[in-house]
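*Asks:* Residue numbers (my numbering), protein chains in the order written: chain A, 1 to 467; chain B, 1001 to 1192; chain C, 2001 to 2242.
Some hints here could point you the wrong way.
Lysine-lysine pairs mimicking PhoX-like chemistry, simulated, CA-CA at most 20 Å apart [to be verified]:
hint : chain 1 : residue 1 : chain 2 : residue 2
1    : A       : Lys54     : C       : Lys2145
2    : A       : Lys410    : C       : Lys2064
3    : A       : Lys151    : A       : Lys166
4    : A       : Lys296    : B       : Lys1013
5    : A       : Lys410    : C       : Lys2060
6    : C       : Lys2017   : A       : Lys464
7    : A       : Lys410    : C       : Lys2089
8    : A       : Lys27     : A       : Lys166
9    : C       : Lys2169   : A       : Lys41
10   : A       : Lys27     : A       : Lys442
11   : A       : Lys442    : A       : Lys296
12   : A       : Lys27     : C       : Lys2197
13   : B       : Lys1179   : A       : Lys166
14   : C       : Lys2230   : C       : Lys2197
Since the hints were derived computationally from the structure, they do not count as laboratory data.
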Amino acid sequence: MFNRRKNKLMKGTHANLSKGFITGSEKTDWHNNALWFLRAKRDMQRDTIPDWEKLRATAAAIKDHTLSRLPEYLQRFEENAIKNGIQVHWAWDDAELREITASILRENNAKSVVKSKSMLTEECGLNPYLEKEGFDVVDTDLGERIVQLRKEHPSHIVVPAIHLKKEEVSDTFHEKMNTEKGNSDPDYLASAAREALRKDFMRADAAITGVNFGVAESGTVVVCTNEGNADMGVHSKKTVIHCMGMEKLVPGYKELAVFTRLLARSATGQPVTVFTSHYRKPRPETTEHIIIVNNKRTDIFEDPEFRQAMRCIRCGACMNTCPVYRRSGGHSYHHTVPGPIGSVLAPFYGKEKNKDLPFASTLCGSCNNVCPVKIDLAGLLYRWRQKLTDETSPDLSKKIGMDIGSKILKSRTTYSLATRAFRWVPGSVLQSGLNPWNVTAKNGHKERIFPDVPGESFREWYKKNQE
Amino acid sequence: MNSKERILNTLNKVSRDALPRPEIELQYPPEVLVEDFVRIAEASGTEVFLATPDTVADTVRKWSRGGDIQSCVPGLQDEFPLIFDEQIPFDREKMPEVFVAEAAFGVIENAALWLTDSELRARLLAFIPERIVVLLKAGSLVSTMHQAYAIIAENDPFGFGLFMAGASKTADIEQTLVKGAQGAKELAVILY
Amino acid sequence: MTVGLFVPCYIDQLYPKVGRDTLEVLEKAGCKVVFLQDPLCCGQPMANSGYESKTRDFEKPFLKVLPEVDYLVTPSASCSYHLSHHLLKPFVAAEELAKVKELTEFLHDIIGPDKIHASFPYRVGLHLSCHGLRGLNLGTPSELKVPYYSKIEKVLAAVDGLDLVVPSKADECCGFGGSFAVFESAVSVKMGCDKMKTMSGAEVSYVAATDMSCLMHLEGVFRAEESTMKVMHIAEILNAGA
């Protein structure tokens, strides 16, 4: 009964959601290996750069510099973008991004939109809003299109459909695009999507993209893709909108070089993305817009400990290396951005609802070491644990446990009493389900067993033998 | 107060001392090696041909396997005229099957090719054809993105600039690499 | 040289042999060892669970003994990391803090592996515990491009007959993670199982690490899965046979 209550309380937490993902089936292992493959490719790219670690340190220093002068760089970026003929808008929060986007579309009589990958618009709930307002929105990145057709969210920020097997994609495409039933050949499925998306590109009235980098000194917007889907929209539509988180700025081209060297190598282990597009001036008779978005970024900026999280370039390397992410899947994090960086960002978007996420980590620190901008992810997760314990409603059983533990471990008298009592607890109890250390699968198979308790502690032995 | 002012005011309230703009002092491979470019391009699935100015057109023709070729390269546009119309970009009649452009320069560390409005004529041409051929003078190679962006910063400002490092590709279905996700299915580089 | 031996709470209670072996290894290496009676716990179990506030005063017994010893040694990398990076950091100057050493680190940096005399003629798989590797820099983590080194391997190289294997993904977390092991038991156990598979794939008889906490978790998984592999703390190997 206790367990049932606990499960109910834990509903929707990472611990609970990951149980559903870890089925013991081959799919978990497949997911784990697929992401590890990206990490291994990343390691190979790392080895091609002699001063890789210095490159990372430089990138971190550039981001810290840019953030330390962010207001100035944002204004410079805006001035230059306007000079280049692009209209610039500022959105305080998610609602304002949605409203600005809809009003630009309305002003330009655009009914349908092709959209390239943007975690920012995902974070701001742009698609559902536009659909509700009567616009037709098609995500054009293949992975995002797959999850859009399935009415899901991306489970990874770079490979959005990594939680799906090709058979599942095949079923979705059969249902939504009438592809051959049971044909799950990736070539066949990708080519079917290409044909369908070509029609969407032809039909659409406007294009929306995310932004990887904004270059302040030239007002350039940089978008990196492997498919070329952002460009298919941007260069064929008369109305173009780029949605940019305000942390995306770099001072100039010389700094951009550092990031274009790091991004794809860290993300997918490619030396660079297939397309690195620099949008500076609109085509004739085209209106091009940039929306600079805050949506809580000022909160992160204001916090001296957490400001470094704004260095993030959304490469996903921390997810690929994270042993917890690889085995629990992106959806178990119940936040737009999953994995280590997601768990650092999530509490800024709701402490109570995301308070479990900083605990969904072993603090192994692998993420710190792959992060191209050297964010102390494990350190920030540790800080969140302290802050969230203070600032959110407590998990009572955990709090009581910690209280008792702390009292026992603080004084030799209580420690000695408690540990002597511990030695009286029968082995059968320690080996039973009452001990939360022991894990038993649904089918009764034991998965982890508590160690046998030795006859005497080290202290008891020491007392007998040394004193 | 509008959102711009609100954002800037909030940031200004907490901005601390400005940190200096870091010097970028990274190692550059001293030698520019064409072999490295070829190796890295081929690893990304790009076909690389070595040619001389006289054999470029032939190489293009052979690789195009009889497909309709269009080009905006001065020496080739008479033979392969550009009829693509940006106003009706999806018109199959005017869309080239094979498009030939010349890159301003190439980058060895990632086999990326720099193309701007002046090299492409129409921006969509870098994406919409079935196949793309990019010509590159062997002397126009730089070793890393650092030198590449130094050139970009020095030159006349472009409207659109693109690093292209292969054919359009995706691995979104089970991490299986598929070429031709949205844009060109094949890319060839002719070094001369 | 006076060495203060800190035996962490769970080692005291569940793995007293590791405490004894640590004591003997240090004594054999010529140290005058003082077992520290008062510090019971570094506070990590609470702090990593978000209750750092409940470890107030835990630093006091450490602060008291630190000036009295040349080094404070503990057979647990994660406790050592927690002491030097969290619990004691606000109170102690860097120089004094550097006296806190994990056992292998101490043997490598201060004593020198030539002072170790042990024999353990078995095939042993090394699990590189996260806090030792990435926190205390006991070796090169697989993510970084830095010249390869391993203090643990150097120290273990002194053990006669030891067939040490560093299997693939040796520095992937075992899934223990403190209270993570309990509150995220599904992922935790899955990670432990995967570690078991890479170790049994390497055909080792024992799995060794700098941290008994990782090994307690792995032992729990090995036993549940009826694996023949045994876990062994590095101190046990360093005190074996000779």
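*Asks:* Are Lys2169 of chain C and Lys41 of chain A close enough, with their CA atoms no more than 20 Å apart?
*Replies:* At roughly 14 Å apart (the allowed maximum being 20 Å), Lys41 of chain A and Lys2169 of chain C satisfy the hint.
*Asks:* For Lys2230 of chain C and Lys2197 of chain C, compute the direct alpha-carbon distance and say whether it is at most 20 Å.
*Replies:* Satisfied, since the Cα-Cα distance of roughly 13 Å is no more than 20 Å.
*Asks:* Below or equal to 20 Å on CA atoms is what counts here, so check Lys54 of chain A against Lys2145 of chain C.
*Replies:* 10 Å, holds
*Asks:* For Lys27 of chain A and Lys442 of chain A, compute the direct alpha-carbon distance and say whether it is at most 20 Å.
*Replies:* This hinted pair holds, its Cα atoms lying about 18 Å apart.
*Asks:* Is Lys410 of chain A close enough to Lys2089 of chain C, meaning Cα to Cα at most 20 Å?
*Replies:* Holds. Lys410 of chain A to Lys2089 of chain C sits at ~19 Å (cutoff 20 Å).
*Asks:* Between Lys296 of chain A and Lys1013 of chain B, is the straight-line Cα distance small enough, at 20 Å or below?
*Replies:* With a Cα-Cα distance of about 15 Å, the restraint between Lys296 of chain A and Lys1013 of chain B holds, given a limit of 20 Å.
*Asks:* Hey, Lys410 of chain A versus Lys2064 of chain C, does the alpha-carbon distance stay inside 20 Å?
*Replies:* 15 Å, holds
*Asks:* Given the hint that Lys151 of chain A pairs with Lys166 of chain A, test it: the Cα-Cα distance must not exceed 20 Å.
*Replies:* 17 Å, holds
*Asks:* Lys410 of chain A and Lys2060 of chain C were given as a pair; does the straight-line alpha-carbon distance stay at or below 20 Å?
*Replies:* 10 Å, holds
*Asks:* Given the hint that Lys2017 of chain C pairs with Lys464 of chain A, test it: the Cα-Cα distance must not exceed 20 Å.
*Replies:* This hinted pair holds, its Cα atoms lying about 14 Å apart.
*Asks:* Please verify whether Lys27 of chain A and Lys166 of chain A have alpha carbons no more than 20 Å apart.
*Replies:* With Cα atoms ~11 Å apart, Lys27 of chain A and Lys166 of chain A stay inside 20 Å; holds.
*Asks:* Regarding the pair Lys442 of chain A and Lys296 of chain A, is the alpha-carbon distance no greater than 20 Å?
*Replies:* 42 Å, violated
Checked against the numbered hints above, the structure breaks only hint 11 and satisfies the rest.
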